[in-house]
Amino acid sequence: EPEVTQTPSHQVTQMGQEVILRCVPISNHLYFYWYRQILGQKVEFLVSFYNNEISEKSEIFDDQFSVERPDGSNFTLKIRSTKLEDSAMYFCAGSGQGAAGEKLFFGSGTQLSVL
Amino acid sequence: AQSVTQPDIHITVSEGASLELRCNYSYGATPYLFWYVQSPGQGLQLLLKYFSGDTLVQGIKGFEAEFKRSQSSFNLRKPSVHWSDAAEYFCAVAKTGANNLFFGTGTRLTVIP
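Protein chains in written order, with the working numbering: chain A, 1 to 115; chain B, 1 to 113.
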């Protein structure tokens, strides 16, 4: 089965630093998502992305966050100035059609630790 | 707003025993409902989903779930658990036609010999 690839698997950064989390979605997918899971809490939706623009975002996804698909293959999540509370597992996901009925393929996640 | 509750944080069962993981949702209309599994170091894998029709849905790995509107529940079941089923299980809900999922906090399943 095709896979969504996320790198790095674990990233450690200092508070206030910028981080970029990278994802390589499945090649024929059109809709892309970022979710995060703070330790011991729910998996939370951050943002969805289609046709090179954000289609939906949650209240978590504030001005410190941005997403882009710079080269048609990678899908990145940037946090401009990390805070301690940004420490979480970040999951990238993709789907072919985007409706909730479509199967989401998740990556194995990037564990972000902000010190 | 929609939400999902998984009342059991951790469940331990013996291999070969039956399993039921509970999930309750809150949503005004009929939601889309999902169960995902996460094995250590892996991403979330879809086990099964419910949109409409037959309220008992079959999924992969021998899992099934039953949608009960009167109880706002979508419990996951398996008649005989295998050691490889040890993982974290997440129930999720989506609004009709929406692109994003709302997850529960997950239930960790431990399987003992």
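Everything labelled a hint here was simulated from the structure, so no lab data went into it.
Quick caveat, the model's predicted, so the values are computed rather than measured.
Where hints are given, some of them may not hold.
[Unchecked claim] Now the in silico label distances, taken between C-beta atoms and shown as ranges: (1) Ser-14(B) <-> Glu-68(A): 47 to 55 Å; (2) Thr-7(A) <-> Leu-46(B): 30 to 38 Å; (3) Ala-29(B) <-> Gln-17(A): 37 to 45 Å; (4) Lys-103(A) <-> Ala-29(B): 38 to 46 Å; (5) Ser-81(A) <-> Glu-15(B): 26 to 34 Å.
The C-beta atom is built at its ideal place from N, Cα and C for all residues, glycine as well.
Outcome of the hint check:
{"no.": "1", "hint": "Ser-14(B) <-> Glu-68(A): 47 to 55 Å", "result": "holds (49 Å)"}
{"no.": "2", "hint": "Thr-7(A) <-> Leu-46(B): 30 to 38 Å", "result": "violated (23 Å)"}
{"no.": "3", "hint": "Ala-29(B) <-> Gln-17(A): 37 to 45 Å", "result": "holds (43 Å)"}
{"no.": "4", "hint": "Lys-103(A) <-> Ala-29(B): 38 to 46 Å", "result": "violated (22 Å)"}
{"no.": "5", "hint": "Ser-81(A) <-> Glu-15(B): 26 to 34 Å", "result": "violated (48 Å)"}
Checked against the numbered hints given earlier, the structure breaks hints 2, 4 and 5 and satisfies all the rest.
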